[in-house]
Amino acid sequence: MNVLAPRRLGLFLLLAPAVLWLALLILLPHVEVGLLSLRERVGPGEFATSFKQYLTFFDEPLYWHTFVRTALMSVIVTVLALLLAFPVAWSIAKVARGRVRAMLMAGILLPFWASELVRMLGWLILLRGSGVIPQLLFWLGFTAEPVELLYHDATILVGLVYSSLLFMLVPLINALETLDDSLIEAAYDLGGNRLDILRRIVVPHAAPGIAAGCIMVFMLTLGNYLTPVILGGKNSMWFTEQIYTQFITRFNWEQGSAFAFLLLGLSSLLVWLGLKLTGQRFADSMRRT
Amino acid sequence: MFKQASKLSAGVMLVACALNANAADSVLRLLTWADYAPQAVVDQFKKETGITVEVTLSNNEEMISKLRATGGAGFDLANPSQDRITGPAREFGIYRPIDLSKVKTANFIPSMLSATEKVTGLNGKVYGLPLFWGTDGLVVNAAKSKAADYGDLCSAQYAGKTAVRLKRPTLIAQAFAMGKDPFKAYADPKAYEAIMTDAGNKLISCKKNLKYFWESKDQLLNDIRTGEVVAAQMWDAGGWKLNSENPTLKFVAPKSGALGWVDTFAIPAKAKNLDAAYKWINFITRPEIAAQVAKSAGSFTAVKGAENFMDAQMKKQLAESFPPAAMKNIKWYPAIPAGLEEIDGKVLDRVKAAS
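Protein sequences, first through last, are from chains X and V. First residue of the first sequence: 1, per my numbering; consecutive thereafter. First residue of the second sequence: 290, per my numbering; consecutive thereafter.
Please note that a few of the clues may not be correct.
[Stated by the list, open to error] Simulated restraints on C-beta separations:
no. : chain 1 : residue 1 : chain 2 : residue 2 : range
1   : V       : Ser585    : X       : Asp59     : 54 to 60 Å
2   : X       : Glu60     : V       : Pro613    : 43 to 49 Å
3   : V       : Met616    : X       : Leu121    : 35 to 41 Å
4   : X       : Leu121    : V       : Gln446    : 29 to 35 Å
5   : X       : Tyr225    : V       : Ser403    : 50 to 56 Å
6   : X       : Leu55     : V       : Asp324    : 40 to 46 Å
7   : V       : Ala323    : X       : Pro6      : 55 to 61 Å
8   : X       : Ser130    : V       : Ala608    : 29 to 35 Å
9   : V       : Ala395    : X       : Trp21     : 51 to 57 Å
10  : V       : Lys559    : X       : Leu20     : 24 to 30 Å
Hints listed in this document are in silico derivations from the structure and should not be mistaken for laboratory results. Since this is a predicted model, take the numbers as computed values, not measurements. Don't be surprised by glycine CBs; every beta carbon is placed ideally from N, CA and C.
With the sequences and hints as input, model every part of the structure.
This is how it looks when you write it as C-alpha cells:
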C-alpha cells in the first residue's frame, strides 16, 4: 500500500510550512528572476533569449566597480563588527553575572526595537552639518566651522557596523558561553600567557560562532539597501541600489535580475571562500546561529 | 452538531464574501502623488457618492513599475505625468484609453485638454486628461545667491551649497542651459545620446560643487531653510511653499527656460471600478474642488474657472516667478519614446560613479 506510515506523515506535515515557504517564496521567484535575466528586449514587448544582461555587467566598468566596492566594504564591515563585538561578547558571556548580564543583553537588544529606518535617521540627525555632533565640535572649538560628517564612505561604514553588530554578538555570546572556565585556568596553570590562551583556546572554541556571525553580518551588509542610500552621499555606490534602480526607475527588469543573480553568486562564493580559508564547516557554524 | 457548525461557518463565509464584493464596488484605488488627494476632498467625495478612496502615494517611475508588475491591475486610477503615458502604454500595456463620453470635458481649459490629448494620444485614442501643471526651475536664497540659470548651480561661489536630483530632468535642464534642445532630439536617439552625454559630462565636472543629489523633498526644503543649501533645482510648488514662509527664498524661472510638466488622469488597463474612476475625475474637475486640491498640491490646474477660487498668494507667487516672457519660455515635456530612458540611465549612472 502506498500510504505513509503515521510517523512519516507527521514529519511531513511538520515540515510542510518550511517546504512551502522555501518553494513558493524562495525557489519559485528565483527561477522567475533567473529566466528574466536571460532575456533581451528586441522591440516593444518582444524579447529574445540572450546573455546580453550579463555581458553589460562586464562591459560597463561602473557596474563591476560598484560590485567590487560593495564586496570590499562588506568585508571591512564584517571585520570591524567582529573586532568590536568580541570584547563585548566576552564580557557578557564570561565576566558579567546575573542581573547585570540580563541588563547588558537587554541593552544590546533595545535599539533594535526601533526600525532600521528610524535608527538611520537618528544618525542623520547626529551627523548632518547643522546636527548635534558637528555643532558640538564647532562649539568646543575643535573645528573652525561645522563640518559635514554625512555622505562619506566612513559614514556608511559606521552605519553598517552599527546596524549589524547584534547579529555578530548573539552567535559569539552563544559560542563563548559554552567555553568551560576550567580550560582557561588549566592553561594558566600550565604557564600560558593571555595571548596564547586567546589564540589557542578561546578562538578555536568560538570559531564556529565567529564564522556564523561573520556569515550573517556579511550577508546582511551586502544586501543592505537602506543604510548606504540614507547615509551615503553623491559618490556612494551600493550594488543593491543598482538593482533597485534597474527595476524601479529604469524599468529594466532583465538587467536588474541579472544583477540580482550576480550578487547571489558573489555572496555564496565569498562565504564559501571564507569558510575554506578558516577551515570551518558550514554545518557547524549554522548550528551556532 | 458538526453539520450545523459547518453550515453556520459557510453562511458566515458567504456573507463575508458578499460584503467584500460590496465593499469593492464602493472603493476607488487611486495611485497618485502626495497632496493630490487631501483628506477633506476624499471625505466630501465619500459623502456625495458613498465611494471610499484608497490613496497610494507614488511618483512617476514607481507608478509605471507598480502597474507593470501587475499588468495594469491593482488600481482604478493614476496620476502620471503626461509624457510618461504613451511609452509605457505601448511597451507594457498598463493603461487603457479614456472614454471621453463619460468625462465632463467642459470642465477643462480647452487648450490644455487638447494639448494633453495630443501628447497622450496613441492609435487615435486618448490615454490622459490634464489635471495639474507645474515647472521645474531654481529655488534660490536671494540673500545669499544670485543664481539665474541651471548652469549657475555649478558656479564656484556656491561651492558645497547647491543641490540637484540625480534624475533625467537635471540632465535635460543642463542640456538646455548649454544651448541644446534635447526635446527636439527625442526622435533621434543618436543625437539625443550625444546631447545627454554632454550634459552628463557637465554634471560630472559640477559634481564637487554640489552638496548632494537630493532625494527627498523635505530634506532639501529643510536645508534651504537652514541656509545649508542656497540654490537648488526643484519644482515650483516647493519653492513657493518656502516663499510663503520666508520671502527671501524664491522660485526663479531659469533663463534657459523652466521645464513644464502636466500631471494627468490615466486609467490602468485592468482597473476594476471604472465607474468610480470617472466619478472621481468629474468630481475633482469641479472648479471649487480643483482649487481646493490645487492649494494642497501647490500647483495650478487645468480646470476651467478654478482660478476664481484660487489663493491670492499663489497667484502672486506665480506672477513673480513667471513674468510673461518666462511663461512663454517654459519647455514642455513631449511624450518620451520608449528606450530613451535607458540612455538617460546610463548617463546618470556614469555621473553617480564619477568622482
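Please flag the earlier hints that this structure goes against, numbers listed from lowest up.
1, 5
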